[in-house]
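S.K.: Sequence:
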Amino acid sequence: MFSKQGIKFPRFFVQLRKISSISVPTSTIIKTGQIVSRLGFGGYRINWNDDGHKAALEKAIKNGINVIDTSAHFEFGESEEVIGKVLNNAIKDRTATREGMVVISKAGYVNITDTTHLDDSFAKINDRSAHSISPDFLNKQISESLSRLNLEKLDIFMLNNPERILQAKNKHLSISNLYDDIEKALDYLDKEVTKGRIGGYGICSSSMAISIAADHISLPKIYDKLSNSSKKNFIAVQTPFNLFERDLIQKGVGQTCSLAEYAKSNDIFVFTNRPLHAMTGGTIRKLANNRDSNDLSEHQIANNLSNGLQRLDQLESEFSNELFPSGHPLSTKFIWSQIFSQNLSRLSQNHFATKYYLEKQAKPAITKDLECLYDHVKNAALNEKKSRLQSWIIDYQMETQSLIDSMVSYALLNVLHSNDELDSIISYLAPSLYSETAQYHSPLSVKALRINLANQIIGCVLVGMRKPITNQRNFLLICRKMGLDLDACISQLLQKQLLAESLLKEICEKTKELLMNESNCVSISAPVTVGDIHGQFYDLIEIFRIGGYCPSTNYLFLGDYVDRGLFSVETISLLTCLKLRYPHRVQLVRGNHESRAVTQTYGFYTEIFCVHGGLSPSIHSIDQIKILDRYREIPHEGPMADLVWSDPDPDKDEFAISPRGAGYTFGGLVVKKFLEINNMEHILRAHQLCMEGYQVLYDDRLSTVWSAPNYCYRCGNMASILEVGVDGQRFFNVFDAAPENDRDGPSQQTSLEKKDKIHYFL
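The sequence shown runs contiguously to residue 762 in my numbering.
Keep in mind that a hint or two might mislead.
[As the list claims (entries may be wrong)] Simulated crosslink set (SDA-like; lysine to any residue; CA at most 25 Å straight-line):
#1 K31 to K153
#2 K225 to K264
#3 K221 to S265
#4 K385 to L370
#5 K264 to L486
Hints in this document: simulated from the structure, not taken from any laboratory.
Model the full structure from these sequences, guided by the hints.
M.R.: What follows is the structure, encoded as structure tokens:
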């Protein structure tokens, strides 16, 4: 799958500095002289319910993080309580000193669930949310924060998103009114500095860096009005910054400099937040591609989703056909299996929106209808059907909850796939960020943070560190613990020397574990794509000579790694070791020869659909492929068989029976329709001998690539590999059989001639 992310990587992408993995980088808050870690602990969502939150902060402090950011409203004050407890314990056991820590808190959000009794000094955003930066409110918030944190002084106190006041429903406030309120608030905070309850102050704003935002507040307009003494107390600003939101370092419309440049010129320290949660395209995108060891595999999630939809459909059929009369208003309420099935593709595209829709809209609607049904049944006469309906209500409620969980998990998979692709793109553009051996919990997150830290104009990046990483799933590390030296194995196989059987068994077990955690549809960035290898070992080596050796090149092998060639064991062993050694660089698609029956006889998405064989009349969208059960032998018929056996036929428009006896032939109209439905540009396949090494059909909509030259050492055909660039351009690199075949091929082929020759077609 090759995707155009639509991201313009700015100049700072190639100005990366090497961040030490031993010590935390530091910077200095100019106006106070405090030396701070350039990574800070973000306290949003920290509470007492999860012991991991405390453990994460403890680990952060022990590892040199000395900046802690929180707010009075975070978790209704629990964030400050947890931080206060951990910090004071760290000071007691001498893990930290108070003067060596920088604690930031903020105020503005009103911790309340009912705003109706508030007076008009508060900006009422809605019935459950309000905002204020009035001196009386700030006085109270500072007192409560100090109490919860068990501190005598806050190092920095910030006004939290004061622009929210412009959303007030109970009164009209202009931007000039807001600037007046901010001026009064900062004037009051000068008094708090004099009292010694805060060391200095600043503003945390989501719109300050975005000059075209409707609720934009200008730092120059605020700061330039301050007296010289107040300017000394205005220490810092805090604003979002990540791979997608880069307004902080960019000059906005009508501005002479960026917010970061203005802050630097006035010795104002810059904190950034949301480094791993970007607001982009109207959605929230989590910039992480971690897989937890306790997570369900992609196969399990897809299987749960498929089975859940089927069970819900069965329950709804039972309800409408057997349990409830038609014509009643409730009889048409329970059609959620149809709604979810028809919208599965849309629901899978946006994890954040999907989770909100399912949990905040669909689930309450289902619960309400079930309650109405329960009341109706409760008042009905007692009979067998009433008892069945009561049981049905319980089953339906449990099944919908299970299905909602599966759909949320399924949507998350698509986010992870997109982020894996983004991760690969970053590795391509900034090779210094790519590390084969680093045991990252989330490689994309680490790269995103390092890119942020590469901007020296940013003082400190605040990160939500809610989980201490204690067990990282790294297959390379696992292999080393098992005593597997994959580099030595690969070196031995490149010399066409077989591995010991016991060693191969271990490698196969670990590769199986790796593959079972991958999706049916795999996302890859700009690979060199290879067709059928068929055990022709020397020609596989020739492909590496032409295309480049791992890990410098991404490889997608489209199946059929064994049979017909003389060195099938060496070929599949080498590919397996390469997959295990470079799991993100080597992708192996299953072909029709990767089945027990054939060997005894002898995934992809956004722009280019890569498949071994071809299309199926049973499959119209990629989502149908994602939920196929691939953990089995290839069947004789059905969609899985079609994907590995089907062939294009330039003389046909539609599907037809294949002369192979398995799969179908398909024509140009089938290809065009499939590409349109799935918003793709091209289909790339292997499976079929091409005398010229490749074939392009249907107005450049489908390509066949064949990478086994002089097939079976007698066909006289050329071979090719297809190189696909990051911008989607395709180039066929045609080559002839490797010279080693003249040395080793014919002499062993004579012994084969004594047996029955294996024909090309089964």
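S.K.: Take the hints in turn and mark each one as holding or not.
M.R.: Hint by hint, here is what the structure shows:
1. K31 to K153: holds (17 Å)
2. K225 to K264: holds (18 Å)
3. K221 to S265: holds (15 Å)
4. K385 to L370: Holds, at roughly 16 Å.
5. K264 to L486: Between K264 and L486 the Cα gap is close to 49 Å, so the pair fails against 25 Å, i.e. violated.
Checked against the numbered hints listed earlier, the structure breaks hint 5 alone; every other hint is satisfied.
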